[in-house]
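Protein chains in written order, with the numbering used here: chain L, 291 to 631; chain Z, 291 to 631.
Since no wrong hints were added, every one of them can be taken at face value.
For identical chains, the list gives no copy identity; a pair is met inside one copy or between any two copies.
Lysine to aspartate or glutamate pairs mimicking EDC-like chemistry, simulated, CA-CA at most 16 Å apart:
(1) LYS296 <-> GLU307
(2) LYS470 <-> ASP586
(3) LYS296 <-> GLU381
(4) LYS296 <-> ASP385
(5) LYS470 <-> GLU606
(6) LYS528 <-> GLU543
(7) LYS528 <-> GLU505
(8) LYS296 <-> GLU308
Keep in mind that the hints were calculated from the coordinates and are not lab data.
Residue strings, one per chain:
2 protein chains.
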Amino acid sequence: MTQMRKDVFSGRWVIVEESVAVRPSEFQFKPVTREAKFCPFCETNEASTPPEVFAIRPPGSRPNGPGWSVRVVPNSQPRLRIEGQLGRRGEGFHDLMNGVGAHEIIAETPRHDLALHELPPAAIADVVRAWVARILDLERDPRMRHVLIFKNHGEEAGAHTISHSISQLMALPITPRIIKSKLMTAREYFHQKERCIYCDVLQQELRDGTRMVAENPHFAVFVPFAARFPFEMTILPKAHESAFSVIKPDQVEALAHILRMALQKLDGTLGHPPFNLSLQDRPFLRPRMGYWETIDADFHWHLEILPQIVRVTGFEWASFFFYNPVPPEVAARCLAAQRCD
Amino acid sequence: MTQMRKDVFSGRWVIVEESVAVRPSEFQFKPVTREAKFCPFCETNEASTPPEVFAIRPPGSRPNGPGWSVRVVPNSQPRLRIEGQLGRRGEGFHDLMNGVGAHEIIAETPRHDLALHELPPAAIADVVRAWVARILDLERDPRMRHVLIFKNHGEEAGAHTISHSISQLMALPITPRIIKSKLMTAREYFHQKERCIYCDVLQQELRDGTRMVAENPHFAVFVPFAARFPFEMTILPKAHESAFSVIKPDQVEALAHILRMALQKLDGTLGHPPFNLSLQDRPFLRPRMGYWETIDADFHWHLEILPQIVRVTGFEWASFFFYNPVPPEVAARCLAAQRCD
Chain L
291 MTQMRKDVFS GRWVIVEESV AVRPSEFQFK PVTREAKFCP FCETNEASTP PEVFAIRPPG
351 SRPNGPGWSV RVVPNSQPRL RIEGQLGRRG EGFHDLMNGV GAHEIIAETP RHDLALHELP
411 PAAIADVVRA WVARILDLER DPRMRHVLIF KNHGEEAGAH TISHSISQLM ALPITPRIIK
471 SKLMTAREYF HQKERCIYCD VLQQELRDGT RMVAENPHFA VFVPFAARFP FEMTILPKAH
531 ESAFSVIKPD QVEALAHILR MALQKLDGTL GHPPFNLSLQ DRPFLRPRMG YWETIDADFH
591 WHLEILPQIV RVTGFEWASF FFYNPVPPEV AARCLAAQRC D
Chain Z
291 MTQMRKDVFS GRWVIVEESV AVRPSEFQFK PVTREAKFCP FCETNEASTP PEVFAIRPPG
351 SRPNGPGWSV RVVPNSQPRL RIEGQLGRRG EGFHDLMNGV GAHEIIAETP RHDLALHELP
411 PAAIADVVRA WVARILDLER DPRMRHVLIF KNHGEEAGAH TISHSISQLM ALPITPRIIK
471 SKLMTAREYF HQKERCIYCD VLQQELRDGT RMVAENPHFA VFVPFAARFP FEMTILPKAH
531 ESAFSVIKPD QVEALAHILR MALQKLDGTL GHPPFNLSLQ DRPFLRPRMG YWETIDADFH
591 WHLEILPQIV RVTGFEWASF FFYNPVPPEV AARCLAAQRC D
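The shape of chain L in the complex, shown without the other chains:
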């Protein structure tokens, strides 16, 4: 038997099995293979990438040399380029603009043999600091409206060309649809209640507990009520904040800990599954964004962890509807029980 569940933040529906249709032990994944061939993101190979735009290095260490813990470089085959004007234009009915933006690669570690969740918490905190630094820098470019940060782990999740542990950043001249629709929902709710919908749902999840995976003083991790993917997780800061980039130093440490814990639990529960990670942040505040003037009150940034363990089929593409064979409450119970170091 199934239920249809509605995601309160985006309005999309998901068909969710009421009892487990696929057991965690039925999933089989091959461990991420990291070939021994030359890798431009490894320490000492810095000359093989475009010059770095940011790095965390000990005092005295020189840009584009070894010694870094996190290093950010422009993608050498970018999907969007930093040069040029947007050139918004029409072609009859069609709207287009030049592919202007930024596309950067964050090397999360100088070592080729470690995944993000295998790094010590202090190293993950450096990755978070690199994300923040790049967002703050790109916010100064008036052409940009939004920064996406995402990670592909494992071949099936899209990490088939680069095996080094990286995340990616794209600065966009527009606000993505998913973010827009979340903003609109949050705004309508705030208009009615004068409260943030994310804060309210978080309180309910903490009280109810059946979908909670882990928490610490600054963050909570839970399986969303209408999870699209089996074992999907949301990481939400407990304090209300629309913009990721104003995160405070003690929150950075706490985020590193909880992200590491969530990813280790996922890795242990399913046996090294591929996954995507994404930051869902508010757009940059710009003039002429009138209808988002309450954005700082209504939106609430979060991270999404999306295990890629079932195939997306014609059903999803036809409808942008999802089918989840694992009840979120069962997934939460497995993840919460999973030990991590």
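With chain L fixed as given, assemble chain Z onto it according to the hints.
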């Protein structure tokens, strides 16, 4: 270099390469394997499925026996069930309802060794007739709001459990988000212009020609301006019509011909790629759908063919934005030139 293109029907953006980043010859697919093991959708195995709800059979042939050309049965492991009430309810902030709907399997041919595009046009016309018959029947159920018809061809597109050539039907108690957003856009356009946006774009595509793949007196096939997937195609009826189910007999024949041609061109151009096919139809007209009262004027049904030849990654999931490495104009040129029988 890339362009950002906006899909005029749904409002989503796609990053499109201006020159070919991946050549058709670089794609490699293994042909669809059809194992010899027992298949409940093959002729003479009718007793292994739930009783048929529709079939096209010669006079004298008996239900649930051999002799059919197309046969529709309920899915034995349905994602939605036909029994029971919706039971719309809340759990605190969350909305849910019972998984009520229909989930049916359309066996497109009694033979296990043929794909949809390998059938003669008359057999494909029978598949179209089966789709229409099932929609008309399900429309009478007041709990249903929308019917999705889709097809998964090849393992990577989701056909990993059933190798017989089938399509699937799901009747839903809600209207999917993608359809809703297309309806809204079409409605706004009609409100401004008193014309259908699909009719207008079709005229422009026919005049311009650079994205056209094929046409006949009743249908046109083109690569959409903001195609999400390389070699994506849209099949649009030339005469304005919001509801697929009122298709006329000569249009059924013409649709069978053009669908066969489009799928054969795809198969030949890329060497047997996996793909999804989906019908994008208007919802059923129901009381209390006030804001869709002009639906028959604004919407225009169509089919989408979505080749599954590049991986969806964290970028797409983070943003519902797409990256297409093959310019739609190049894809259209390859497809238009491809011979078919």
